[in-house]
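Asks: Here is what each chain is made of, one letter per residue.
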Amino acid sequence: MRKREPHVFLSRRYQFSASHRLHVDALSPDENRATFGKCNNPYGHGHDYTIQLTLSGPVDPVTGMVTNLADLDAFAAREMFARFDHANLNMLECFRDLVPTTENLAAEIWRIFAEYPHATLERVRIEETSKNSFDYFGASSLSKTAVSNL
Amino acid sequence: MILLTRKAEFSAAHFYFNPAWSEEENDRIFGKCANRQGHGHNYTLEVTVAGEPDPVSGFVVDLKRLKDILESEVLSVYDHRHLNFEVPEFATTVPTTENIAVAIWRRLDGKIPNAKLHRVRVYEVPELFADFYGEGA
Chain A
1 MRKREPHVFL SRRYQFSASH RLHVDALSPD ENRATFGKCN NPYGHGHDYT
51 IQLTLSGPVD PVTGMVTNLA DLDAFAAREM FARFDHANLN MLECFRDLVP
101 TTENLAAEIW RIFAEYPHAT LERVRIEETS KNSFDYFGAS SLSKTAVSNL
Chain B
1 MILLTRKAEF SAAHFYFNPA WSEEENDRIF GKCANRQGHG HNYTLEVTVA
51 GEPDPVSGFV VDLKRLKDIL ESEVLSVYDH RHLNFEVPEF ATTVPTTENI
101 AVAIWRRLDG KIPNAKLHRV RVYEVPELFA DFYGEGA
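Chains A and B are the protein sequences, given in the same order.
Under our numbering, the first residue of the first sequence carries the number 1, and numbering increases by one thereafter.
Under our numbering, the first residue of the second sequence carries the number 1, and numbering increases by one thereafter.
What the hints contain is simulated information worked out from the structure, not anything from laboratory work.
All values reported here derive from a predicted model rather than from experimental measurement.
C-beta: ideal position from N, C-alpha, C; glycine also.
Hints may contain errors.
Some but not every residue of chain A turned toward chain B, in silico, with C-beta under 10 Å [unchecked claim]: (1) Val-8; (2) Gln-52; (3) Met-65.
Covered stretches of chain B (in silico footprint by chain A; criterion: 3 or more residues with CB under 8 Å from a CB of chain A, positions within the stretch not fixed) [what the hints assert, rightly or not]: (4) 16-29; (5) 52-58; (6) 64-78; (7) 98-104.
What follows is a list of derived Cβ distance ranges for each label pair [claimed, not checked]: (8) Thr-35(A) to Asp-79(B): 46 to 54 Å; (9) Ser-11(B) to Pro-58(A): 48 to 56 Å; (10) Glu-103(A) to Asp-62(B): 38 to 46 Å; (11) Glu-86(B) to Asp-85(A): 54 to 62 Å; (12) Asp-85(A) to Asp-62(B): 46 to 54 Å; (13) Arg-33(A) to Asp-79(B): 53 to 61 Å; (14) Asn-114(B) to Ala-26(A): 39 to 47 Å; (15) Asn-132(A) to Glu-135(B): 30 to 38 Å.
Make a model of the complete structure from these sequences and hints.
Replies: Next comes the structure, spelled out in structure tokens:
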């Protein structure tokens with residue numbers, strides 16, 4: 001019987017720049033201000049978001065890879081950068097009825113890379129600034145590996 | 001249980017090439033990494049071990065001891081070397097970041113006294129790293 005290939009977790013970091021404004025129509029102006037503070041400023045503001053993706057899979061014995069980074073980068077360019085880089089997040093369809101917090105952005109990025117065909121998405125980490133980062137492990141509960149990987 | 005992580009750095013050359021394929025196929029799959037002249041990286045290695053602090057010393061593992069083990073088992077073999085030509089495990093496997101993480105795990109597993117190897121993380125560059133948690137993970 002052939003030995004099982006080692007299962008490796010591969011992480012890739014990308015960066016895009018986007019603007020947003022945290023505002024919910026259902027709240028009054030005062031409530032929006034109280035909830036979101038300066039993030040509610042009417043003209044919005046922006047960040048350089050760092051997206052750290054962790055994907056896992058068996059290491060292909062021929063290529064030595066979990067996934068070819070050229071494939072992952074091309075997928076990211078097409079599915080993520082084309083939509084989010086230098087965009088106003090509030091204008092995007094996915095945030096039409098959803099406040100574009102980094103939490104919600106992480107879930108949206110998860111939905112994108114969950115469809116990546118060559119490896120299993122394990123975690124989406126977004127660093128909104130050097131002080132704030134958000135991790136999303138998908139809708140299923142945290143795995144032991146995911147927690148220990150923090 | 002405590003997880004303890006020690007970092008180390010090594011610089012090495014490598015290229016990606018599968019002799020079973022044509023030059024064109026290697027270029028197509030591996031891109032510029034297939035350049036037979038090789039290229040190099042400053043790799044960062046993070047080794048995480050798991051264990052209980054010793055009631056007397058308070059250590060999970062003596063860091064000096066761990067540093068010496070990383071030096072003798074990994075750095076002395078990998079640092080300032082050409083991985084394809086000078087490191088035996090890459091004579092027949094491609095020295096990708098994934099395979100380097102697995103190879104370092106195999107070099108360290110069972111060598112660390114009083115603690116269990118938990119994770120080997122290898123950064124090829126700050127934007128790319130691979131984690132390996134062992135054969136059963």
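Asks: Take the hints in turn and mark each one as holding or not.
Replies: Hints versus structure:
1. Because the beta carbon of Val-8(A) sits about 4 Å from the nearest beta carbon in chain B, less than 10 Å, this interface hint is met.
2. The restraint placing Gln-52(A) at the interface with chain B holds, with a minimum CB-CB distance near 9 Å, inside the 10 Å limit.
3. A cut of 10 Å between beta carbons decides the hint on Met-65(A): the least distance to chain B is about 5 Å, and the hint holds.
4. Counting residues of the segment 16-29 of chain B whose CB falls under 8 Å from any CB of chain A gives 4; the rule of at least 3 is met.
5. For the segment 52-58 of chain B, the stated coverage by chain A is not satisfied: 0 residues place a CB nearer than 8 Å to a CB of that chain, which falls below the threshold of 3.
6. Coverage of the segment 64-78 of chain B by chain A is violated [criterion: at least 3 residues with CB-CB distance below 8 Å; count 0].
7. With a threshold of 8 Å between beta carbons, the proposed coverage of the segment 98-104 of chain B by chain A holds, since 4 of its residues qualify and at least three are required.
8. Distance hint check for Thr-35(A) and Asp-79(B): the Cβ-Cβ separation is about 52 Å, which falls inside the suggested range of 46 to 54 Å.
9. A hinted range of 48 to 56 Å is violated for the C-beta pair Ser-11(B) and Pro-58(A), which are about 29 Å apart.
10. Between Glu-103(A) and Asp-62(B) the C-beta distance comes to about 41 Å, which sits within the given range of 38 to 46 Å.
11. Range check, Glu-86(B) to Asp-85(A): about 41 Å between beta-carbon atoms, so the 54 to 62 Å window is missed.
12. Remark: the range hint 46 to 54 Å for Asp-85(A) to Asp-62(B) is upheld by a beta-carbon distance near 47 Å.
13. Distance hint check: the CB atoms of Arg-33(A) and Asp-79(B) are about 56 Å apart, consistent with the given range 53 to 61 Å.
14. For the pair Asn-114(B) and Ala-26(A), the supplied restraint of 39 to 47 Å is violated, since their beta-carbon distance comes to about 57 Å.
15. As the Cβ distance of Asn-132(A) to Glu-135(B) is approximately 36 Å, the hint placing it in 30 to 38 Å holds.
Of the numbered hints given earlier, the model fails hints 5, 6, 9, 11, 14; all others are met.
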